[in-house]
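For reference, the chains in residue letters:
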Amino acid sequence: DAKTTQPTSMDCAEGRAANLPCNHSTISGNEYVYWYRQIHSQGPQYIIHGLKNNETNEMASLIITEDRKSSTLILPHATLRDTAVYYCIVRGLSGAGSYQLTFGKGTKLSVIP
Amino acid sequence: GAVVSQHPSWVICKSGTSVKIECRSLDFQATTMFWYRQFPKQSLMLMATSNEGSKATYEQGVEKDKFLINHASLTLSTLTVTSAHPEDSSFYICSARKGASYEKLFFGSGTQLSVL
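Chains as they are written, first to last, in the working numbering: chain A, 2 to 114; chain B, 15 to 130.
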């Protein structure tokens, strides 16, 4: 799987949009961009994933650049409960080891009242 | 939905004893389950992959005789930490693959193990 680079930490004011960047310059054509988050002392929670097109669901939006070398996770209206470590993961869905999720250090998002 | 239940949430045990952690998929069949370990302020590290009815595949550096994994049914996988030592104290998390697709993996809530 391609490696990802994320900022170590970010702050966001409650009610504002949180934009979490991720660089994945070595991503290959069949690899997806996944986002998970981990609230303290809990298991990771799936947020969203995408291949090329931008994606949106009830939790967040995922914006992937045209060259697919970077992406941004957007939480449109951050709440205190969104405080967590956010992991950007690149993985394929076929081939040996494709099922594995390799977690990096992620971004510690702190939502501030 | 896709709910993965992990039990217990936390456990304290004496050094030298064994501890069993259960991971259940409540509303789906999980042909593959994964076990992770997470030390404080570190990221999750994959320990092993278990497929229902077959032996688990362990990652490099993980002792299979110390961390026994059983996946006897499509809804239950167990991790037993044998002869636990203080350095085994960690947060253990399971995840499960729903159906044939690896598209989404769902995680349990984790088990905090403290070995005295």
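Derived from the structure by calculation, the hints contain no laboratory data. Keep in mind it's a predicted model, so treat the numbers as computed, not measured. We put the CB at the ideal spot given by N, CA and C, even for glycine. Incorrect hints may have been included.
[Unchecked claim] Cβ pair distances, simulated, as ranges:
id: 1; chain 1: B; residue 1: K80; chain 2: A; residue 2: P22; range: 21 to 31 angstroms
id: 2; chain 1: A; residue 1: P22; chain 2: B; residue 2: K28; range: 43 to 53 angstroms
id: 3; chain 1: A; residue 1: S42; chain 2: B; residue 2: S32; range: 41 to 51 angstroms
id: 4; chain 1: A; residue 1: K4; chain 2: B; residue 2: L88; range: 30 to 40 angstroms
id: 5; chain 1: B; residue 1: S32; chain 2: A; residue 2: G16; range: 20 to 30 angstroms
Flag every earlier hint the structure violates by its number, smallest first. Hints 1, 3 and 5 contradicted; others consistent.
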